[in-house]
Every structure is written in C-alpha cells, then in structure tokens.
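Number of protein chains: 2
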Amino acid sequence: VAEAIGITTPKGFRAAGVHCGVKPEAGRLDLALVVSDVPAAAAGTFTTNKVCGAPVKLSRQRIEAGGRVRAMVVNSGCANTCTGPEGLEDARKMGRLVAAGLGVTEDEVLVGSTGRIGRRLPMEKIEAGIVAAVKALGRGPAADDAAARAILTTDLVSKVAGETVVIGDQTGTLAGICKGSGMIEPNMATMIAILTTDLAVEQETLRYALSNAVERSFNMTTVDGHMSTSDTVVLLANGVAGGTPLTRRDTEYSVFAGALDRVCTTLAKKIARDGEGATKLIEVEVSGAAKARDAKRVAKAIANSPLIKAATYGGDANWGRVVGAAGTATAAVDEYKLRCWFGGILVFDSGRPVPADAEALKKALAGPEVAIHVDLGLGTARAVCWGCDLTEEYVRINLH
Amino acid sequence: VAEAIGITTPKGFRAAGVHCGVKPEAGRLDLALVVSDVPAAAAGTFTTNKVCGAPVKLSRQRIEAGGRVRAMVVNSGCANTCTGPEGLEDARKMGRLVAAGLGVTEDEVLVGSTGRIGRRLPMEKIEAGIVAAVKALGRGPAADDAAARAILTTDLVSKVAGETVVIGDQTGTLAGICKGSGMIEPNMATMIAILTTDLAVEQETLRYALSNAVERSFNMTTVDGHMSTSDTVVLLANGVAGGTPLTRRDTEYSVFAGALDRVCTTLAKKIARDGEGATKLIEVEVSGAAKARDAKRVAKAIANSPLIKAATYGGDANWGRVVGAAGTATAAVDEYKLRCWFGGILVFDSGRPVPADAEALKKALAGPEVAIHVDLGLGTARAVCWGCDLTEEYVRINLH
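These protein sequence lines are chains U and R, in that order.
Residues in the first sequence are numbered from 188 upward in steps of one, following my numbering.
Residues in the second sequence are numbered from 188 upward in steps of one, following my numbering.
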C-alpha cells in the first residue's frame with residue numbers, strides 16, 4: 188500500500204476540505220467534499236446501531252436505491268444524530284446544497300456527519316462551508332490532505348491508504364481516507380471512510396467486494412467495544428480509467444478484491460493504532476477454530492477485554508487474562524487444547540502455562556505493535572482483529 | 188438488610204479467616220473456612236466461562252451430585268486456574284485436608300480459590316492454613332469479620348449482608364459474604380459469595396431460589412465486562428432453626444425468596460460500588476421493553492459502555508452515549524419511542540434531547556450513586572443492573 192496515493196489520485200475525482208465553524212477552533216477543517224466528475228457506481232456499509240444519525244438514514248437509503256453517485260459531503264464536529272425529523276431535514280438540505288453547487292441531482296449526493304450527538308447542525312455555517320468547498324475543489328496532495336483532515340474528530344493523525352491496481356489492460360488506482368478513534372467497534376464504529384477508484388466496476392460486484400472487505404477490516408477493529416451511530420463506509424467507482432466494468436465472474440475480480448481488502452485493512456489498523464489514548468496497536472490472531480464465527484468471537488473477546496488492554500499498556504504478557512477472555516466467547520473453546528503466544532513466544536499450552544524467557548516477553552510487549560495469537564486446536568478456521576491498549580488518557584478524553 | 192448480621196449469625200455455623208502466606212503481605216488474611224455443625228442442604232451457581240478454575244470444576248461436581256455439605260474453604264491470592272490436572276489434585280487435597288480436620292467426608296467439603304491465574308497453589312502454606320483455620324473456628328463478630336476479609340483480593344472493603352427471616356413458626360437468619368472488584372461481569376464474575384441460613388429448606392427449592400436470585404443480582408452486576416474463571420455462589424441451609432423444610436409449593440416460599448433476593452442484591456451492589464478504581468455506583472434501570480431479555484441486554488449494554496462509565500466519572504450526563512449504547516443491544520429499540528433520565532431528570536424524549544436544568548443534572552451526577560433510567564416505550568418488561576464508573580485508577584490497577 189503506497190502512502191503517496193490520496194483520495195484524488197484516481198482519475199476523475201476532486202476533493203476539498205474547509206473550515207466552516209462547526210468545530211469552534213479557528214482554522215480547524217470541519218467539512219470535506221469528494222466529487223466524481225462523472226456518475227460513479229457506489230457501494231456503502233453503515234452502522235447496524237438501531238439508533239443512527241440522520242445522514243446514515245439518508246445515505247443508506249440512497250445507496251440502497253442503487254443510483255449513481257456524484258459526491259459525498261461530510262462534516263465533523265456534530266453528528267446530526269438524535270436530532271429528530273428536523274435533523275433528517277438538515278441532512279437533506281446538506282445534500283441539496285451540494286447538488287446545487289455542483290449542478291447535479293440531489294439523489295446523487297451522499298451525506299455524512301460525525302462528532303457530538305444530540306445537537307442540531309449549525310446550518311448557516313454548513314451552507315457557507317459547502318459553498319467554500321465547491322469553490323476549493325481540486326486534485327493533488329493539497330486537496331487530498333485537506334479532505335482527509337476535515338473528517339477527523341478526536342483523531343490525532345489523518346488516515347489515508349491506496350494502491351495501484353492493474354486489471355487486464357486497465358490500470359487504475361484505489362484510494363481511501365477514514366476517521367475514527369473512539370466509539371470504535373464491530374459493525375462500524377464512529378468511523379467514516381470514503382474510498383474512490385477510477386476502475387470500472389459493476390455496481391453489484393462493488394457492493395459484494397466492499398461488504399466482504401469491511402467484514403474483514405473495519406468490522407474486526409475495536410477501540411472500546413462501543414458501536415457508533417454514525418459509521419459509514421462508502422466506495423465510489425467512476426470507471427474513468429476505462430475498460431469494461433469488472434464483475435465477480437471475471438478472473439481479475441480477485442485482484443480488485445485483494446487490493447480493496449488491503450486498503451481497508453490498512454485504514455482499519457490506522458484507526459486502532461490511533462484509538463483514543465492508545466499507545467499500542469494490538470493484533471489478535473485466532474487460529475484452529477472449529478468455525479469462522481468462533482474465531483471471530485474469540486478474537487473480539489480478547490481485543491475488547493479492558494483487562495487485557497490495560498495489561499498490554501503495562502507491558503505485561505498476561506496470558507491468564509487472554510485465556511480467560513477466550514473462554515467467555517460464545518464459541519467452542521477447550522482450555523486443554525488451547526495455545527497462546529505473545530509476539531511469537533509460546534506462553535500457554537494445553538491447560539498450563541509454559542515457562543518463557545521473561546526478557547524476550549518484555550520486548551514483545553514493549554513495542555508499538557503487540558501480537559497476541561491464540562490457537563484453539565479445534566479446527567482450521569482463523570480470524571484477525573485489531574485493537575489498542577487502554578490508558579489513563581482514554582478515561583481523561585472521555586470524561587465529557 | 189441489617190448490617191450487624193454476619194456469616195455465623197445463622198445458628199449452627201462457625202467460621203474462621205487466617206493468614207497462611209498465599210498473599211505475601213504479612214498478616215493479610217488469605218484463607219477462609221465456613222463450617223456447618225450439621226450436614227446442610229446446598230445450592231451453588233458457577234462461572235459459565237469455558238475456561239474455569241479447578242475448584243469450580245470440583246465444587247460444581249459436588250453440588251451437582253446433590254449431597255449434603257459441611258464446609259466450604261476458600262483461599263485468596265491464587266485462583267488455581269489454568270493449572271492442569273495437578274491443579275485439580277491440589278483442589279481435591281484442600282478438600283481432603285478440611286475433611287480430615289473436621290472429621291467429615293471429602294464429598295461434604297466445597298472448595299474455592301480466587302486471585303492470580305496460572306500458578307500452582309503453595310500447598311504447604313495451604314495445609315498449614317487449613318490446620319490453623321480449623322483451630323480458629325468460632326462464632327460471632329470476630330470470626331465473621333475474619334472470614335469476610337480472608338476471601339478478598341483487590342477489594343477495598345469487605346462485603347456482608349443478612350436478614351432475619353420469619354417463616355411460620357421458624358425464625359431464622361440468612362447471611363452472606365462476598366468478594367469481587369475486578370473481572371466482574373454477567374454470569375458470575377471474579378466473585379465468590381458464601382451464603383448461610385439456619386432455615387430448613389428443601390434442596391431443590393434452595394437451588395431454584397438461588398438460581399433466580401443470582402440471575403437478578405450478581406448476574407446483573409458489571410465492573411468491566413470481563414467474565415471470570417472462578418465465579419462461585421454457594422448457599423448452605425442447615426435447618427438448625429427447626430421446622431419442616433420449606434418447599435416451592437409453600438405459601439411462605441416467597442418470604443424466603445424475597446429475603447434471598449435482597450441479600451444477594453445488597454452484596455451485588457457492594458461489588459459494583461467497590462469496582463476496581465470506581466468512585467461511583469451506577470444503577471441502570473430499563474423499563475418499557477418488549478421482552479425481559481431486551482430489558483436486560485439494553486441495561487447491560489449501557490452499564491458496560493466504557494464511554495458512559497468515563498462520562499459518569501467526569502460528572503457528564505451524556506445521554507447521547509446512553510441512547511447510542513441502547514441502540515447497540517440485540518434488542519428491540521426505537522429511538523423515536525425512547526426516553527432517558529439521569530437521576531430522575533428527563534434528558535431525552537422520542538428521538539430528541541430535552542432541555543434540562545444544568546445545575547440539577549450536575550448534582551444528579553455528583554454523588555456516589557448515579558441513576559440512569561431508560562424507558563424503551565415498547566412494552567412492560569423491566570430490568571435493573573449495577574455498574575461503576577471508569578477511572579484512571581482502574582487502568583493503573585490492571586497494568587499487571
């Protein structure tokens with residue numbers, strides 16, 4: 188995954204990020220706009236939280252309707268969630284303003300909002316912001332960087348990933364930006380990701396590929412086990428790179444799906460690494476499960492355990508908590524068949540601890556990435572999930 | 188619930204708590220013994236974690252076998268969990284030593300251990316401790332206090348509850364001690380509770396009553412969502428108060444069941460209040476649910492949310508996180524029908540925030556007990572659950 192790729196590296200996309208005042212701090216970017224010059228096939232996955240933001244309701248409906256998409260607008264600082272029918276009208280208005288500015292139809296615009304829940308959007312500021320963003324639309328590193336920064340909330344760093352993808356005689360690019368740092372859990376977190384590609388991909392295939400990639404990446408990422416009300420991943424494919432639209436039946440499908448998996452996984456890991464207050468990325472691999480679902484559940488139970496997260500922060504290879512957490516998952520687990528490694532060092536085997544080199548273990552826990560591996564010894568299914576450590580800073584960030 | 192009642196207030200019970208050195212600190216009590224002078228009917232509930240301690244395996248088997256019980260021995264400081272077949276042999280030996288000391292049979296002794304996972308018990312110390320505990324057995328406040336303290340691990344306070352119960356012409360007492368502070372979650376936590384009563388209760392009725400009471404009390408308590416490997420609740424009824432054994436068909440059954448509910452709830456709340464690093468008890472009430480299961484799940488989702496726990500610590504009536512957490516539960520939730528109160532102050536109604544007196548809200552969050560109430564507006568089912576706030580101290584306690 189090349190870091191130099193930005194959201195407008197795929198041809199036919201423009202982007203902008205502006206400050207309009209939803210975030211009070213002067214100059215902090217808070218409105219992003221990504222535009223495709225031609226109608227793009229679109230796929231999206233959204234939070235499964237039964238309480239969800241107005242923009243989620245609106246964008247989900249537009250994605251489900253199956254039409255082509257020309258633009259996505261996202262503000263940060265206010266989630267437009269728990270704002271009643273008025274909030275839904277605000278989201279619609281955001282879309283209408285973008286449509287008017289670009290000369291496209293309302294249905295071709297997707298909307299996202301992230302930030303504080305329960306407050307109405309300051310629509311005058313949003314309106315001015317959309318006007319400014321339409322004017323500022325551009326291509327290249329400056330536009331890419333502004334868009335990537337404008338969607339952030341408590342994130343410390345902006346998150347970008349991309350790849351060049353060659354499919355037959357088409358050479359295209361796949362790029363993505365995302366935000367997310369707290370309220371991060373399975374089934375989408377307070378995370379918003381926008382992915383663009385200039386490859387031509389048939390709509391149904393795009394949805395299938397995105398759904399699979401999200402399941403293995405963003406949905407396997409957890410910061411605090413708290414599913415958000417605003418989670419959104421949108422993928423736009425405008426086909427400007429040329430060629431016949433790719434379908435699932437094509438042999439090259441796996442090339443595209445592989446690139447999408449890698450880009451989503453890179454973004455997802457960046458979210459976990461930038462988890463609120465986090466100092467370490469934790470990668471949990473569970474192998475030897477009887478079923479794929481079991482592997483996922485055990486991996487999540489481990490990555491979500493506040494005790495394991497705190498011990499990782501403390502540099503303690505606390506396999507007791509790992510084995511204990513594995514046992515709580517609704518999954519087939521047999522402590523007498525289970526093995527556990529920290530950073531490749533075996534610490535537990537078949538119901539008993541294994542004496543391990545304390546210095547080597549200390550080193551395995553000291554770096555910015557900690558690998559926990561559990562083999563259940565019951566089958567061949569496997570899952571990987573990403574989380575982060577729990578620090579005093581997480582508590583301080585979330586006092587309000 | 189009278190606080191003056193201790194574990195030996197019910198007639199025919201003796202207790203002791205001694206220091207034998209499982210905990211390194213000189214003089215810190217680490218072995219408790221509770222003995223019934225006559226064989227007692229016994230009921231028990233145990234962790235549902237698929238990884239569980241050797242004492243859980245042993246005591247569960249003995250309870251299920253249905254025989255009468257004469258004693259329960261519990262050490263703190265070492266959980267005898269993940270210790271392989273040798274650990275199971277250690278647990279058996281603990282029981283044998285108690286049986287020999289008391290002159291009862293091995294099957295009449297229950298065993299519990301709580302503390303660090305993955306280390307063998309120091310059996311020489313345990314053996315000396317059991318000999319000392321048998322010698323120290325007594326009745327009254329000193330014995331009660333020693334037993335209550337000897338089962339503690341990271342707890343800051345010992346936890347006792349009891350009631351006088353009048354059933355027809357029987358006047359008896361029901362008393363309980365428990366420990367638990369971290370790794371506290373549904374389906375039993377690193378908590379051990381021993382309950383004694385001198386009332387005569389038929390064995391099957393005792394099990395039914397305990398199972399119901401635990402479901403509404405200990406299983407509705409959460410500190411950190413982490414289910415332990417050692418959780419055990421044992422209730423011994425020795426019938427020394429006289430009378431015919433109570434059965435579920437008797438009209439007085441509800442008197443006993445009510446007392447048991449109250450004693451278990453009092454103990455459970457003491458666990459939540461003493462949660463690791465906690466400064467506040469959080470009581471979450473969910474009403475208006477379509478099903479009892481929905482009410483429980485929503486209550487747990489709220490009480491387990493680290494974001495809500497951190498906001499409570501910060502004194503922030505963050506209803507957005509509460510409503511958001513409710514939506515994540517696998518339960519029927521409709522944000523347009525949901526209402527939410529903090530300390531009786533309505534803050535959210537039918538999809539929108541309600542302007543509330545900021546000073547009054549601040550006060551509702553400032554005390555040692557915070558009440559969060561959610562009405563789902565979908566039915567009549569209700570559940571209450573207890574948790575605590577999340578503080579920097581929780582992280583510090585769990586670094587190792």
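Simulated from the structure, these hints should not be mistaken for laboratory data.
There could be a bad hint or two in this list.
Because identical chains cannot be distinguished in the list, a pair is counted as satisfied if it fits within a single copy or across any two copies.
Below, simulated DSS-like cross-link-like pairs (lysine-lysine); rule was C-alpha separation at most 30 Å, straight line [stated by the list, open to error]:
1) Lys456 to Lys312
2) Lys550 to Lys280
3) Lys280 to Lys456
4) Lys312 to Lys550
5) Lys478 to Lys280
6) Lys549 to Lys198
7) Lys198 to Lys237
8) Lys478 to Lys244
9) Lys478 to Lys237
10) Lys237 to Lys549
Everything numeric in this text was worked out from a predicted model, so none of it was measured.
Violations among the numbered hints: Failing hints, ascending: 1, 2, 3, 4, 5, 6 and 7.
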